[in-house]
Structure formats: C-alpha cells, structure tokens
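Chemist: For the protein sequence lines, the chains are H and C, in the order given.
Each residue of the first sequence is one higher than the one before, counting from 1 in UniProt numbering.
Each residue of the second sequence is one higher than the one before, counting from 1 in UniProt numbering.
FYI, nobody ran anything at the bench for these hints, they're computed from the structure.
Bear in mind the structure is a predicted one, so any value in this text is a computation, not a measurement.
There could be a bad hint or two in this list.
Unchecked claim - Label-pair distances were calculated between CB atoms; the ranges are:
| hint | chain 1 | residue 1 | chain 2 | residue 2 | range |
| --- | --- | --- | --- | --- | --- |
| 1 | H | 35 | C | 273 | 50 to 58 Å |
| 2 | C | 301 | H | 35 | 48 to 56 Å |
| 3 | H | 133 | C | 23 | 42 to 50 Å |
| 4 | C | 13 | H | 158 | 41 to 49 Å |
| 5 | H | 76 | C | 2 | 28 to 36 Å |
| 6 | C | 40 | H | 59 | 24 to 32 Å |
| 7 | H | 120 | C | 13 | 32 to 40 Å |
Cβ coordinates follow ideal geometry from the N, Cα and C atoms, glycine included.
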Amino acid sequence: MAPSTSSGVTLNINGEKYTLSVDHRTTLLDALRERLDLTGTKKGCDQGQCGACTVLLDGRRVVSCLQFAVAAEGREITTIEGVADGDRLHPVQQAFLDLDGYQCGYCTPGQICSAVAMLQEHAAGWPSAVTEDVRPEAGPPPLTTDEIRERMSGNLCRCAAYVSIVDAVAKAATPLEGEAVA
Amino acid sequence: MREFDYQRVTDVSGALALLGDDPDARFLGGGTNLVDLMKTGVERPARLVDIRRLPLDRIEAGEDGGLRIGATVTNSDLAAHPEVRRRYPALAQAVLAGASGQLRNMATVGGNLLQRTRCGYFGDVSRPCNKRVPGSGCPAIEGEHHNHAILGASGHCVAVHPSDMGVALAAFDAVVSYETADGPGELPLSEFYLPVGDTPHLETALPSGALITGVTLPPAPVAAHSRYRKVRERASYAFAIGSVAAAVDVRDGAVHDVRLAFGAVASRPWRARTAERTLIGAQAGAEAFAAAADAELTAAEPLPHNAYKVTLMRNLMVAVLTELTEEAAR
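Start from the sequences and build out the full structure, keeping to the hints where you can.
Modeler: Have a look at this one:
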C-alpha cells in the first residue's frame, strides 16, 4: 500500500459526527477551528504549555494542539461548545460567570473544560502533587485552594485572573453549598 | 512539518511489522513529546505508527507485591492506581510532579522512558547539538547550562533526562520489557540508558525497531515507605532542577534497607548506589545521610553555572531521608 499523507476521518464531537479529509499533520485544534468552525477552543502556545486548547477526549482533559486529528477518530470529543446541557450552563460555566473567573476571556474555554474534567478526577479520588499522603488508605484529599491551584496549573491566564478562577472552581465543586449561601 | 503516512495498529505484531527497519518511522504514543518535536523540526518522521490503542493499558498487581505496568498506561492512570499508591507511593508522587493534568492524561509509560531532553540547544535546530546532529558540537558546555548534568556527562553532551517517573522506577529496580520482530526481550532500567561517552545520539539499549510493551516492578517492601521530592523554578508544571526518590527502612536505629535515585542531574535517572551502600547498617541520622550524599556526589563534575546542584542534591537527599525516618519513628 502506497504511503498516504492524508485520510478521510469521522470525528465524534459534542455528540455529532463530522466527516472530513485531513492532512495527517492537522492537529485536532486546527481541525476544530479551521475546518469545523468550532472556534470556542483557543490556540495559545501551540506547544502543550498553556492549556488554552483544552478539550475532553473520552471524558478526559487533553491539549488538542498535541493531538493529531486523524488519531482522534473513534473517540468522543467534547469542546467548550458541548459542555452545557442545552440552554442550561454547566455549573463550572455558571460559577465563572458569577465570580468573574476571567478578564480578557481568551483562556476561559480551556480553563472551563479543564475544570470540568478536573472535578471528575478529584471526585474519582485521584491524588495530586500537593496531596500530603497519596496512599489510598489516606482517603480522597479535600479540594483546598492549594489542591485547585495545583490541579489547574496546566491552564495559564495571561491576565492573571487566578484568584477569581480558583474561587469559581471551588464554587462549582460545591454547587449545593454555593446555592445555600446565595 | 514534514508530511507523513499514518497507520493505527491494534496488535503488537502489526505495530512491529509496520515500523519495520525504516529509520524514518516512529511509534506514536501520547504524542506529548514527539508531536512537539515534529512541530519544531527536531523530529521529521515520514511515517507514524499509532500504538495508543494497543492492548497494553493494564496494570497488574502481582500477589508477590510487585507490579506489571503496560506500556500504553497513561501517567494519570498510573498515579491514580491504588496499588501503585500503596506499594510505591514515591512512584505516584513522581508521576504527579510531572507536567500538567492534561499532559498526564495523554502521556504513556513507554513514551515517558523514551522522552527526549529539554536542553534548549537540542530543541533549536538552528544550533549545533551532538545529540541531534552527531559531531556538530555542544554549545551548552560553554553556554546556557544551569540545568544541565553534574553526573555521568561527557565533553560531548551535558544534557539531562527530564523524566520524574523514571527516577522512581530507577529506585525500585524496574525492568523494561519489549518486543521485536525476532521475539521479546528485557532490559533492567539500570542498563536501559547508554553511557553518554562520545555517542550522545545513542540514548537507549533497545534494539532497532523494538516496541516497549511494559515495565515490571519487583516486590520491594521498603518502597511502601517512600517519597519523591522535586525542586523546580516554579511551584508547579515545570521540569526539575533536581529531584530525589527515596525509600528507607530503619530497624533499631540502623538503616536496614534504602533506595535512592536522583533526577535532573544526568543523562539518565541516576540510581545513587554509592550512597545506598554507604548507608546500609549505618546509624540513621543527619550525619550518616550527609556522609552518604557526599560519597555519591564525589563523582560530580559540575560546570560553572550548575555547581549549585551539588549542594542542592546533598541537602535534598538529607532532608527526604530525615523526613522519612522521623515519620517512621512516630
């Protein structure tokens, strides 16, 4: 079989199927933005360092700039356009709105996608680099400010809106308590 | 980026057949290092064989106390696994100390062992680099080397291996399994990375065309009381400037068993065997820990801008061993 440098792929994005032909060099990020008009996902560094391009792949947060589109075939992709439930915002989205978890907003789609998956990781009991005792007997670590900062360190904010971002993530982690207070 | 052929495989024999002996073909795992290097032109493969969906994504906890970790297990799954956290907590800590949540979800164990140095000259195709272009020279020796090697380097290359995971694996005697077209093989991690010498472009002892299939950790009761501590220039999401994986078992005040490995000081995860030998049987305490660190670091050959690492590693090792012994005594 002669080598080919492009392929027809079907991508499953936010529950919809998109069929397109991609040059193998196309990242998932570029396919989303330039080919499929899903421009909510942002390009920051394009080197896997800033987190602006964060999407969910089979429910897990990844950076779409280091993911070739052709290699994402058959996997469930969720972008910022797909995290809300219809007109009802995801609790993380609502918390960012309520607490001004942004300034210019460019990193925000990546921050929100990252936080959505991060809260699931925490709920599943995953430890982090600041977890005092990683042994399973120690139980799941409480989601302190330090834990949120460490777990969200893959998302940079050039406006340094970190204080509000951390507050928003903390609020989204405890939506019931948040409502009781409000 | 050079155009490339892309093939996805679902079994090991298919992966080996597609890679063949083509020097322009590469296995694609999580892509967190390879894709980045392709963007900068350091890597220019003509074919990628995508191994991400091979059935090598399991962690098997042996009844003997050891672990068998598949090559395509992600960093995240490794660090979250209860038996990793119970039997080798320093390994979970090391993995969690590396990269970001997003990258740990993508990166794989096999790829982590094969990741390339973050030396700035290696990553810049406009500059000479003996690792990237053999014989072209090493600008780091006279240039920017504050985060380069103090142990085991040569006049041809002073780059460090960037892995955190590998440091813990080195401390616990990991063995790397691989497959080739001619059959399977194994390499202890201590023999996996080649000495730098005058061939820094030859990094591992893996046979040409081999596919890493997994890593085995032998039972190590001492590892249940272990720690990974990493020093970096910011609090999170940065490569180490020095790190230590340590485990210690003190009985009646004397060191019964100890494991020590250093990160970010050499072209490979650095198992500190001299320090270990010095410590066995010694009275546990700051004095013995410092003497053992000094014994290990006697071999250090720092450059003008990285001599701080000798002191850093000494203090780091003493601090981690002190913490571990004091906690055990409580």
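Chemist: Mind listing which of the numbered hints don't hold for this structure, in increasing order?
Modeler: Hints that this structure does not satisfy do not exist here, as all of them hold.
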